[in-house]
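Asks: Each chain is listed here by its residues.
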Amino acid sequence: MDQLNLIIPELFLTTSIMILLMLGVFYKNSFNLIFKLSTIVLLATFILLFNHSVDTSATLFNNSYTIDYLSLFMKALTLVACIFVMLSSFDYIKLIGINKIEYPILILSATLGMMIMISSYDLIVFYMGLELQSLSLYVLVSFNRDSYRSTEAGLKYFVLSALSSGLLLYGCSLIYGFSNSTNFDLISQNIDQFNTGSIFGIVFILVGLAFKVSAVPFHMWAPDVYEGSPTSVTAFFAIVPKVAALTVFIRFLYVPFINLVDQWQMIIIFISLASMILGAVAAIGQTNLKRLMAYSAIGHMGYALAGLATGSNEGIQSAVIYLSIYLLMNLGIFSCIFMMKRKDIFYEDIQDLSGLSKNHPIISVCLLVLLFSLAGIPPLAGFFAKFYVFMAVIKVEMYTLAIIGLITTVISAFYYLRIIKIIYFDDPKEIFEIDKNLGLKVSLFLSTIIILIYFIYPSLLIDMVSNINVI
Amino acid sequence: MEYAIVFLPLIGAIVSGFFGKITGDRFSEIFTSFLVSISTILSFVVFYFVVVQGYANNITIYSWITSGDLKVNWSIKIDALSSTMLVVVGIVSSLVHIYSIGYMVHDDCKTRFMSYLSLFTFAMLTLVTSDNFFQLFFGWEGVGLCSYLLIGFWYKKPSANAAAIKAFIVNRVGDFGFALGIFLIFYYFGTVNYSEVFAQIPFIVGKQINFLGIETNVITLICLLLFIGCMGKSAQIFLHTWLPDAMEGPTPVSALIHAATMVTAGVFLVVRCSPIFEYSQFALNFVCIVGMTTAFITATIALVQNDIKRIIAYSTCSQLGYMFFAAGIGAYHVAMFHLFTHAFFKALLFLGSGSVIHSFKNEQDIRLMGGVWKKIPYTWILMLIGTLALTGFPFLSGYYSKDAIIEFAYLKNSTIGFYVVFIGILTAIFTSIYSWRLFFKTFHGKYSNEKIIIENIHESPMIMLAPLILLAVGAIGSGYLFKDLFIGYGSSGEFWRNSILFLNPIINDHPPIWIILITPLLIMISIPISYYLFLKDKKILTKFVQSHKQVYEFLLNKWYFDELYDFIFVKPIKRLGLIFWKHGDIKTIDQFGPDGFAKLVKFFSNKAVQFQNGYIYHYAFVMLVGFSILLTYLILI
Numbered sequence: 001m002d003q004l005n006l007i008i009p010e011l012f013l014t015t016s017i018m019i020l021l022m023l024g025v026f027y028k029n030s031f032n033l034i035f036k037l038s039t040i041v042l043l044a045t046f047i048l049l050f051n052h053s054v055d056t057s058a059t060l061f062n063n064s065y066t067i068d069y070l071s072l073f074m075k076a077l078t079l080v081a082c083i084f085v086m087l088s089s090f091d092y093i094k095l096i097g098i099n100k101i102e103y104p105i106l107i108l109s110a111t112l113g114m115m116i117m118i119s120s121y122d123l124i125v126f127y128m129g130l131e132l133q134s135l136s137l138y139v140l141v142s143f144n145r146d147s148y149r150s151t152e153a154g155l156k157y158f159v160l161s162a163l164s165s166g167l168l169l170y171g172c173s174l175i176y177g178f179s180n181s182t183n184f185d186l187i188s189q190n191i192d193q194f195n196t197g198s199i200f201g202i203v204f205i206l207v208g209l210a211f212k213v214s215a216v217p218f219h220m221w222a223p224d225v226y227e228g229s230p231t232s233v234t235a236f237f238a239i240v241p242k243v244a245a246l247t248v249f250i251r252f253l254y255v256p257f258i259n260l261v262d263q264w265q266m267i268i269i270f271i272s273l274a275s276m277i278l279g280a281v282a283a284i285g286q287t288n289l290k291r292l293m294a295y296s297a298i299g300h301m302g303y304a305l306a307g308l309a310t311g312s313n314e315g316i317q318s319a320v321i322y323l324s325i326y327l328l329m330n331l332g333i334f335s336c337i338f339m340m341k342r343k344d345i346f347y348e349d350i351q352d353l354s355g356l357s358k359n360h361p362i363i364s365v366c367l368l369v370l371l372f373s374l375a376g377i378p379p380l381a382g383f384f385a386k387f388y389v390f391m392a393v394i395k396v397e398m399y400t401l402a403i404i405g406l407i408t409t410v411i412s413a414f415y416y417l418r419i420i421k422i423i424y425f426d427d428p429k430e431i432f433e434i435d436k437n438l439g440l441k442v443s444l445f446l447s448t449i450i451i452l453i454y455f456i457y458p459s460l461l462i463d464m465v466s467n468i469n470v471i
Numbered sequence: 001m002e003y004a005i006v007f008l009p010l011i012g013a014i015v016s017g018f019f020g021k022i023t024g025d026r027f028s029e030i031f032t033s034f035l036v037s038i039s040t041i042l043s044f045v046v047f048y049f050v051v052v053q054g055y056a057n058n059i060t061i062y063s064w065i066t067s068g069d070l071k072v073n074w075s076i077k078i079d080a081l082s083s084t085m086l087v088v089v090g091i092v093s094s095l096v097h098i099y100s101i102g103y104m105v106h107d108d109c110k111t112r113f114m115s116y117l118s119l120f121t122f123a124m125l126t127l128v129t130s131d132n133f134f135q136l137f138f139g140w141e142g143v144g145l146c147s148y149l150l151i152g153f154w155y156k157k158p159s160a161n162a163a164a165i166k167a168f169i170v171n172r173v174g175d176f177g178f179a180l181g182i183f184l185i186f187y188y189f190g191t192v193n194y195s196e197v198f199a200q201i202p203f204i205v206g207k208q209i210n211f212l213g214i215e216t217n218v219i220t221l222i223c224l225l226l227f228i229g230c231m232g233k234s235a236q237i238f239l240h241t242w243l244p245d246a247m248e249g250p251t252p253v254s255a256l257i258h259a260a261t262m263v264t265a266g267v268f269l270v271v272r273c274s275p276i277f278e279y280s281q282f283a284l285n286f287v288c289i290v291g292m293t294t295a296f297i298t299a300t301i302a303l304v305q306n307d308i309k310r311i312i313a314y315s316t317c318s319q320l321g322y323m324f325f326a327a328g329i330g331a332y333h334v335a336m337f338h339l340f341t342h343a344f345f346k347a348l349l350f351l352g353s354g355s356v357i358h359s360f361k362n363e364q365d366i367r368l369m370g371g372v373w374k375k376i377p378y379t380w381i382l383m384l385i386g387t388l389a390l391t392g393f394p395f396l397s398g399y400y401s402k403d404a405i406i407e408f409a410y411l412k413n414s415t416i417g418f419y420v421v422f423i424g425i426l427t428a429i430f431t432s433i434y435s436w437r438l439f440f441k442t443f444h445g446k447y448s449n450e451k452i453i454i455e456n457i458h459e460s461p462m463i464m465l466a467p468l469i470l471l472a473v474g475a476i477g478s479g480y481l482f483k484d485l486f487i488g489y490g491s492s493g494e495f496w497r498n499s500i501l502f503l504n505p506i507i508n509d510h511p512p513i514w515i516i517l518i519t520p521l522l523i524m525i526s527i528p529i530s531y532y533l534f535l536k537d538k539k540i541l542t543k544f545v546q547s548h549k550q551v552y553e554f555l556l557n558k559w560y561f562d563e564l565y566d567f568i569f570v571k572p573i574k575r576l577g578l579i580f581w582k583h584g585d586i587k588t589i590d591q592f593g594p595d596g597f598a599k600l601v602k603f604f605s606n607k608a609v610q611f612q613n614g615y616i617y618h619y620a621f622v623m624l625v626g627f628s629i630l631l632t633y634l635i636l637i
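Protein chains in written order, with the numbering used here: chain W, 1 to 471; chain V, 1 to 637.
Any given hint could turn out to be false.
[What the hints assert, rightly or not] Lysine-lysine pairs mimicking DSSO-like chemistry, simulated, CA-CA at most 30 Å apart:
| hint | chain 1 | residue 1 | chain 2 | residue 2 |
| --- | --- | --- | --- | --- |
| 1 | V | Lys-361 | V | Lys-536 |
| 2 | V | Lys-607 | W | Lys-421 |
| 3 | W | Lys-429 | V | Lys-602 |
| 4 | W | Lys-358 | W | Lys-94 |
| 5 | W | Lys-421 | V | Lys-599 |
| 6 | W | Lys-421 | W | Lys-343 |
| 7 | W | Lys-358 | W | Lys-436 |
| 8 | W | Lys-421 | W | Lys-441 |
| 9 | W | Lys-421 | V | Lys-587 |
| 10 | W | Lys-341 | W | Lys-421 |
| 11 | V | Lys-536 | W | Lys-421 |
I should point out that these hints are in silico values taken from the structure, not numbers from a laboratory. A quick note: this is a predicted structure, and the numbers were derived from the prediction, not measured.
Take these sequences, add in the hints, and give me the full structure.
Replies: Next comes the structure, spelled out in structure tokens:
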């Protein structure tokens, strides 16, 4: 029972999902209720996370599940992000007609899957979490089943994800075969670099994980899925699963595969470079805002992976900071996308922003801050995120990575600035409807303000992250 | 009090410059004039104390730079030299401020103009009150900046912009030498404060330094470098070409900056640095020769010019040459005296010509004037006083200062001294001829302007004439009143005291009577000659010009200095710049750098977009290819 105490958040979430499902089935048209309850459940889970002390570090269930500072931080991040996505997308879901009770419940179960992924310390547990998350996401992507694009995106994601899951599973079985264990600790003891079979296994597993964070060349699904799925799901996709995927990355690289640093470093550097370059270059040609954000996400994941490639604690911390700030910026951007509507039709092309500053000065300023931050212009938070990563990279003398990273930052600045130019200097279009949704406004202003004033007190985030010591 | 002298003009400049739109034209005109006038009155008070009580002070405003050994203060140094300059700057500046109210009446940017004028006054005052080379340099550049802004004040005129840029760039050449001089001073003395530098000078006499591969004396090198700065600012030969062009600016600016104050900063610097210059005979001779050459060449150019302001501008160059060769023969106090009197009569001439130009509705060519002396009697009489004073007519101010230079040169009893006497007298004759030419052609003879009928020529308003009258009083009386104070027996001990160093005691002998009489006689004879040549019988002159066409052309084209510089410096540099721009920048750096990179990115961006073709098997294929590459790579290493 002592051990169960530590997984109360997960248990609470599981029970809530079941209860909400029952409620939804027996009450007709109870979307509003379920949606609000789900948000409350997420909030409650967030609070329950702090049921145990922050410094707790323990492994449960025969060392297959771990509770430590990293998992706590990442779970908290996941839940907060999830809450804000829920809050900001409420109106959108209702307007677009996907207000079914399954929607919030699927989000909850995806969140549960992610929490399990984050805490997993065993290949089997990890895979269970992954699949729970993935299955929920498949459905969510194609949730707008009357839309041709939504179902197409769902199918693509499902097929490609199945492929990557297959690779991942194959890798898991190889690792198990060569190390005689599925437990992370035991694996790290049993494999070394002279074992070609385990190198195979590592490649398979990393490819599967790279798919989840949409790193090049396993990114092909991202633009189509981002564009095709309902915007609320895209926002969820862009913000929440990245946390879990990156945590799993950290765990795999630094616990079971720690003896093979030289090998996986090459892989991570390669996919990091490829992601940064493609994210910067391909985004230039985009016209759809959601698709652009997909490429932007690819690029940003490249930077976060650059932090992981260092093999140092500092690199991990920089990657975590990068991720946190990136989530914040994305939340703001998607809040803006949610606001682009006239007469109940949502617009998502970059050209629709034309001359926004004339009609919506406040939203324009928010977008300006967010885009500048995404481009990494000081003194906004996005600059510091990149700064920490590059500092960590330079400290371990990976100059090529740093230089190419900086060059791609410059290239990617182009398309962010182009949007700003369109907002501020092009001819204004019709006015957008003013949104009355409080959650949306709160998400937008909160993210903008935090990004704007981050530089005043950066040590808040740095102190929190500096407790993460995986090595 | 000293604070008020220096900072009141700055306040005026700020208020007029930044809040001029709010407060209105009239307010900023009166406000700036008022503040500068107060500053001037206070300057007089300070000057009085200096004269009567021997007052001297060095007020530190605050420490400006403290970096290692380098300690520089903002300060106000009051002694005989700086208080004289305060008075000169103050009088001319305040009168020009008042004059401008009338002169700029048709201009749209009055507040900007007044602001620049006040800013200039502030910069000039910080220059003269500095107690170290750094603050001096600040003021030096400050007046340079204001000069640039005011020459290009009518920035819609391309010629004004070109003249402003020319002035700035030519001064840059001088300032480069000046800055090097300051660096050298700091390098050798570890300080830039006058008093500390001057105290150490006697101990490094004879020290050598390797400069550009040549062994030279340190003191000589410092002097020469500083003097290059002076040459730029005071428009001495080789760096003089900007001054005539600077006449593109409004006339009050010419009077204030390009006649009375800023251009004399070079003379001021040489006098201020007399403790350095005194130890290098070579440098003094160099100053002397440059001064003589300038005085002579520019006087010859002035003989044939037709633009009323340009003639006076060349005359200014020439008179500055006088001051320099006076300093060069060691008569610093006489140089200051000539600076003092020159400020009055040259400002008078400029403002007077401004009044003429105002009457003629911005006509500046003296060939298109004439015969209007009855229409504008006040201007006529004031210009007459200015001309007499400039030429050195007996008992007017120019007479005392200019003759004193020649007398001192004679008493020097050296080869260079005699050269100075010769050139001084020759230039005085030329000065007389071109001044009377200007005067007669402008006011007498036949009216020859076809654009404006003579009935429309009218006198300038009182607000312009009143400053002129005050200046005329100065031009008449300043020589007689101040000669004992500035250059009389014992003036070096009683008035100048420590501010000027005379290594050799001043000779107080009387020069022979012929040297005292020759100059006034010659210039008086030249008045009727000029009258005859320029008014009565123009044929002689026309014939002379035709028979000596080449000489005339040579002078008219200003000894071809501009063309020469254009050929040697401007054109090759432009061509070089063009090569760097077209081939170096556009075709190499841009093409392979930013532009090429941008094209590359665009190309790849298009490819990447096409790559994403939407087919699921294609996506899967890419994934597998990527996976295979990674795997192969890891197995191979």
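Asks: If any of the earlier hints don't hold here, list their numbers in rising order.
Replies: Going through the list in order, the structure violates hint 11 alone and respects the others.
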